[in-house]
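Line by line, the protein sequences are chains A and B. Per this note's numbering: the first sequence = residues 1 to 184. Per this note's numbering: the second sequence = residues 1 to 184.
Mixed in with the good hints there might be a few duds.
[To be verified] Covered by chain B, per the in silico footprint, the following chain A stretches (three or more residues, Cβ under 8 Å): (1) 34 to 41; (2) 69 to 75; (3) 108 to 121; (4) 140 to 146; (5) 161 to 172.
Worth flagging that the hints you see were computed from the coordinates, not collected in a lab. Even for Gly, the Cβ is constructed at its ideal location relative to N, Cα and C.
Protein chains: 2
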Amino acid sequence: MTKTGPSPSPSFVRRIPDGDDRPRRICEDCGFVDYENPKVVVGSVVAWQDRILLCRRAIHPRRGFWTLPAGFLELHESAPEGARREAWEEAQAEIEIDQLLAVYSIPRISQIQLIFRARLEAPEFAAGPETLELDLFRWQDIPWEEIAFPSVHWALGHFQEVRDQPSFAPRSNPPGETGDMRRR
Amino acid sequence: MTKTGPSPSPSFVRRIPDGDDRPRRICEDCGFVDYENPKVVVGSVVAWQDRILLCRRAIHPRRGFWTLPAGFLELHESAPEGARREAWEEAQAEIEIDQLLAVYSIPRISQIQLIFRARLEAPEFAAGPETLELDLFRWQDIPWEEIAFPSVHWALGHFQEVRDQPSFAPRSNPPGETGDMRRR
């Protein structure tokens, strides 16, 4: 697509649609009601033997910091399909999903994160376009000071807790934690 | 809000925004990019002693059929907060959430359903505006022929499986099941 000039922009107002109970964003020009709901992030803690796959972010926010292969679930995907797609896009890795590790809620940015425990099928991976580099880390070598987001910390800790458990209840936010970067 | 005439309507076209990798809906009039992602439904299997709370739907789709207290997660809610709000709105019930029972993916309609195991704090409930009536059912009295959606069947069955387990791995779609009403 060639850019031919500035895009027009929507003229949103907030009001309560008929039959609804809370204000929604409505475009005054075109009448579109933008029902905003939380978005789902799907991702995985991916292990190969005693090591964990981490990706160094090539994109903002938190460019240069380490994260899990994760991203927004797309339309018509199941949650495990989305997690496998993200592992492929960000790490060119084929993963086998084991079970749900955690469900985190990040209310300030309206995200629900579904993080799976997964295994690499083979120690083969390569940086996708959103990744600067990636590597398999032993627990003691994880770059804790350069982790991108609070929920990546949580997921790594929760993975370690259940590492030897064949079956477990999924974890959620640590008590009192909202995932808000500004409150850490 | 008084209706003063027909609303204008957006003129959506599908094209790939710059820097993206798949087509998105873009309004030709106002330039709005409608990033559509799956929506999260939060709900609960709510028990009181040996009975389960079900609600008969007052709204389409599946008006008159029985369902769980569940609905769309709203912005800035955590998943458990949303499940508690839905139990309050639909059944005027105060619930105590125990743990995540299941994560279902319904790809055709792009829904992720997070269903919790919960308890009524007291046997007090009343129909909200989206509910015709509601009742507590013993397992053998559940109106199986009048259940609203496949995922309600799944959640009830999964609840029964783990009823006596203090901790368990959450369930997901039964093998081969997509939740699609038309494929049942």
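Broken hints, by number = 4
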